[in-house]
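Asks: One letter stands for each residue in the lines below.
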Amino acid sequence: MSIISAKKIKYAYPRKDDEGNETEPFVALDGVSLEANEGEFITILGHNGSGKSTFAKHLNALLVPDEGSVFIDGMDTSEDDYTLKIRETAGMVFQNPDNQMVSSVVDEEVGFGPENIGVPTEEIWKRVESALNAVGMYAYKESNPGRLSGGQKQRVAIASVLAMNPKCIVLDEPTAMLDPGGRKDVLDVLHDLNKRNGVTVILITHNMEEVTASDRVFVMDKGRVVMNGTPEEIFSRVEEMKSLRLDVPKVTILAHELKKSGLPLKDGILTSEELVREIMSLRI
Amino acid sequence: MFRDITLGQYYPEQSIIHRLDPRVKLLGTLVYIITLFIGKSFFVYIPAAVFLVMIIALSRVPVSYVMRGVKPIIPLIIISAAFNIILTPGNDIVSFGIIHITSEGIYMAIFMAVRLFFLITGSSILTLTTTPTALTDGLEKGLRFLIIFKVPVHEIAMMMSIALRFIPILIEETDKIRKAQMARGADFESGNIMKRAKAMIPLLVPLFVSAFRRASDLAMAMEARCYHGSQGRTRMKPLVYKRLDFIAYGIIGAYLATVIIMRACGL
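Chains A and B, in that order, give the protein sequences. Going by numbering that gives the first Met the number 0, the letters in the first sequence line up with residues 0 to 283, in that order. Going by numbering that gives the first Met the number 0, the letters in the second sequence line up with residues 0 to 266, in that order.
Think of the hints as simulated: they come from the structure by calculation, not from any bench. Quick caveat: nothing in here was measured; it's all calculated off a predicted structure. Positions of the beta carbon are idealized from the N, C-alpha and C atoms, including for glycine. Don't take every hint at face value.
[Claimed, not checked] Derived DEER-like restraints, expressed as beta-carbon distance ranges:
1. B/Tyr240 to A/Ser32: 54 to 60 Å
2. A/Gly117 to B/Gln13: 43 to 49 Å
3. A/Asp65 to B/Gln13: 49 to 55 Å
4. B/Ile33 to A/Thr22: 54 to 60 Å
5. A/Pro13 to B/Gln180: 56 to 62 Å
6. A/Thr22 to B/Val208: 43 to 49 Å
7. A/Arg195 to B/Leu243: 37 to 43 Å
8. A/Gly117 to B/Lys175: 36 to 42 Å
9. B/Lys149 to A/Ala175: 39 to 45 Å
Can you make the complete structure from the sequences, with help from the hints?
Replies: Right under this line is the structure:
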C-alpha cells in the first residue's frame, strides 16, 4: 500500500502589493502527483523556487492543497481530525537545525514530540533512548544542543522525529547548512534507518551527490514534477537536467561525454567504481 | 562583549541543587528575594550570605561562572549607588553647591549595592541549576491555580522557556551582525551616547527581522511535532516531590523564620 499519495495538488500563496491589495497569487504547486510505497527512499530534486519545500509541507498537513488531495497512510490531510495522526505518521525535519529545537537539553528535545502526542512517561524514556541510539547521539543525551556541531544537531532533530515512531520522515534540505562531514553523517543515518527500520524517507535536496543512493527521484520545476524514475534513469538524461539548471554528478558527465565521443558505455553511471568497471569491460 | 551574559543560562552538573524540584527552587528564590527586602540593617545579610554561599557550594557551579552573570549588572549597581549617595538627606560630609554627600547616603548606597548583588546572584543560581524545561514545568505546575482566573499558564511558561533557549542564539547572531556591519565601516565604539545609540539601529533592525524569521520557523517545527498546547500532553520528566525536596522546604522555612525573627528583634 502506498504510504504517501498526492494527487494533482495545486497550491498558491496569496500575495499582496505594497498598498496591501491582493494581487495575483503565486502558484507554488501546479498539479503535483506523487506516490510513495512503504520502505522507499525517495529524493525530490529541484532548484530554489521549484516548489519542493511547499510540497514537503503538504506531507505533514502544515499546508493543505487548494485543489487535489494528499493521503498519508490512507488519511486525508484536509480533514482536521487526522492532522495530529498525520504529523505523527510523517515526521518532518527542517533545514535550519537551530530554529527547530525547543529545549536546551538533548533528551528533553527528543522527548518533546512524544510528550505532545500523550505518550506515557516510561514509554517516552524508552523511545528517547532508542531514537538517540539509532542516530548515534546517545552519548550526548545531556548536552546542550547549542554546543553540538551542525551535523550532530541535525541528527538530534532526526531522533526527535523518530521518537514519535513515524512510518515516514520528510526532510526539507536537512544538509544545506552542514559541512561535508556532517552531511555524510546525516545521510548515513537516513540510509541506515531506511534499510534497518524500514522507515520511508522523503529527502528534499538540491545536492546531486545525495540522490545517487535513493530508490526513486522526482525532479521538480516551476511547481510541477518534470521527471521521475530511478537515479540511473534520471541522470542518463544529462542534457535535460542541464536545461533545468540542475547539476549532474561529475562521473556521470564524464561517462556521458565519453559516450558522446564514441565509447559504447551504458547510460546513467553514478559512481566512479561503476565507470571503472564499465571501461574495464570494454573490448577495444 | 555579548558572550559574557550568563543570565538565564543553564550550567549542566549533577548536584543536589540541580536535582531539586523546580517548584522548590522557585519558591526558595522568591523567599530569598523577599528576605532581602525585609531587613533594615546589614545584619539581615548575614543569614542571606550564609544561605547563598551554602547554595552555591552545593550547586557546584564555579563561583567565577556565577560572577560572570553579575558583571553586566555592575553599571546598574553603580548608578543606583550614585543616586543613593546624592539624594539621601542627612548629615553632610561634603557638599558642592546643591550636591550633598551624607553619611546616611553612603550607608544607603552600600546597603543597596549589596542588596542588588545578592538579588542577582541568588536569582541567577535558579536558572543556572534548572533547565528551561524544568523551570517551565515548575512554573506551570506551581501556578496551576491561576487557571481559574483564565490565565494561560501553560502558554506563558512555554514562551518563557523558548525565550531562554534562544538567548544564546540571538547573542551569537548579534555578534555576527555587528562584525558584518563593522566590516562595512559601521562604527559602534566612538562618539557620544546619542551617536552610539544611533549606531545600534543597523544592528537591531536585522536582528529583529531574523528573530521573527526564527520564530516563524520554530512555530512551524513545533506544529510539525504535534504541539497543540497543554491539552493531552504528557511529561517526560514529571514533577514528583522527593524526600530531598521536603528537606529543602524545611531549610527554606527555617531561613525565612530566622530573618523574620531578626526583624522582629529590631535588627
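Asks: For a quick check of understanding: which of the numbered hints are violated here, in increasing order?
Replies: 2, 5, 6
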